[in-house]
Structures are given as C-alpha cells and as structure tokens.
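A.B. asks: Going down the list, the protein sequences come from chains A and B. The opening residue of the first sequence carries number 1 in the working numbering; numbering runs sequentially from there. The opening residue of the second sequence carries number 1 in the working numbering; numbering runs sequentially from there.
Accuracy of the hints is not assured; some may be wrong.
As a list, the in silico EDC-like pairs of lysine to aspartate or glutamate whose alpha-carbon atoms are at most 16 Å apart [what the hints assert, rightly or not]: (1) Lys133(A) x Glu34(B); (2) Lys37(B) x Glu78(A); (3) Lys47(B) x Glu70(A); (4) Lys133(A) x Glu39(B); (5) Lys13(B) x Asp64(B).
Derived by calculation from the structure, the hints in this document are not laboratory data.
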Amino acid sequence: MDKSNATSVRDAVLGYGSLIVWAICYIGALFLLRKFQLEGWVRVAIALLPILPFVLFLSMVLAEIRSLDELWRRIHLEALAIAFPLAVLLLMILGLMELATGLSPNDWSYRHVWIFLPIFYAIGVLVSVRRYK
Amino acid sequence: MKNRLRVLRAERKWSQADLAEQLGVSRQTVNAIETEKYEPSISLAFKMAHLFETRIEDIFQSDDNSNSET
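Could you build all of it, start to finish, from the sequences and the hints given here?
C.D. replies: This is the structure in structure tokens:
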C-alpha cells in the first residue's frame with residue numbers, strides 16, 4: 001500500500017520475470033530429460049535447474065505477502081488452511097488408489113501431482129475472497 | 001461486532017478508497033469492515049479512531065453491548 005509506483009513496477013517485473021524464467025527452466029528440463037540420454041550428474045543438474053528462479057520467485061511472493069494489509073494476509077492464510085488439507089487428501093487418495101487399483105506411478109508421479117498444489121491454493125484464495133467480499 | 005464506519009465516512013463525504021488510502025489498507029478491507037464481515041486488528045482500530053478523532057468504542061460496539069442497550 002505504501003509502495004511507490006516505481007517499486008511496484010520493479011517488484012512486478014521481478015516477480016513475473018522469475019515466474020516466466022522458472023516456467024521456461026521447468027519445461028526445458030522436462031524436454032531435455034525426456035529427449036536426451038545424458039550422463040547421471042548432468043541429468044541431476046538439469047532436474048535441479050528450476051530451483052534457482054523458483055527461489056527468486058518465492059522471495060518475491062514473500063515480499064508481496066508482507067506488503068499486504070491485514071485482510072489480504074488473512075485471506076492468504078485461509079487459502080493455505082484450505083490448500084494444505086486438500087493436498088493431504090489428494091496424496092492420501094492417490095496412495096490408497098495405488099493400493100486398490102494398482103494406479104500406475106507413471107500416470108500419477110510427483111511431476112503430475114505438484115501442479116494440483118497451486119491450484120488448491122488458488123481455490124483457497126477464491127473461497128476466502130468470496131467470504132470477505 | 002457492529003460498527004459505525006460507514007456513517008462516519010459518509011459524514012466526511014469520503015469514498016471507501018479515500019478512507020482506505022488514509023488508513024493504508026485496501027478498499028476491499030474498508031468494505032469488509034463496513035459490511036461487518038471482517039473485524040480489524042486493534043492497531044487498525046486505533047488508526048481509525050485517531051483519523052475520525054473519536055474513541056474506538058464510538059466506532060465499534062460488541063454485539064453484547066448492542067443487545068443490552070436495546
């Protein structure tokens with residue numbers, strides 16, 4: 001709220017910029033790991049590559065959260081309170097379905113499941129925003 | 001908790017955005033307080049009291065107080 005326009009623009013550029021770089025790194029890593037037979041340590045290095053831009057993105061998210069007013073902080077807290085149990089539920093159900101039906105880890109591996117977590121968070125934000133609207 | 005924020009704001013002919021700017025919060029926050037969907041922190045309540053040059057209890061009243069007065 002107290003931020004100047006120049007600071008807001010800089011933060012937005014850094015935030016969205018790091019998000020875009022992270023997405024490019026992630027998709028690039030997926031492509032390289034699927035298409036090329038590389039040495040073991042190179043594969044690990046490529047797999048860890050998205051961490052760097054994501055850490056920058058995370059620091060921008062934290063800075064943004066700290067700059068929010070008290071209502072919006074509560075909205076994000078409630079979003080986490082909704083997203084976390086949903087994530088637990090998803091992992092629990094997938095684990096049980098794996099036992100019940102032999103759900104293939106190739107179809108429901110880590111790389112398929114993580115995308116649901118930000119979706120749950122977004123659902124949490126929507127639910128919480130509606131409450132205070 | 002009931003509050004007179006909308007009345008006090010209207011008396012000064014301020015918009016929600018005007019009030020939000022002076023309090024350093026978002027317009028949504030002012031709206032949520034006015035519609036009694038959100039109860040502000042004590043520091044924000046003090047800020048409001050200071051801005052309207054009144055006491056906190058003149059802006060906010062607990063539901064118990066409102067019932068006992070009626």
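A.B. asks: Next step is simple, just say for each hint if it's right about the structure.
C.D. replies: Outcome of the hint check:
no., hint, in the structure
1, Lys133(A) x Glu34(B), "11 Å, holds"
2, Lys37(B) x Glu78(A), "14 Å, holds"
3, Lys47(B) x Glu70(A), "13 Å, holds"
4, Lys133(A) x Glu39(B), "13 Å, holds"
5, Lys13(B) x Asp64(B), "30 Å, violated"
The structure fails to meet hint 5 from the earlier list, while all remaining hints are met.
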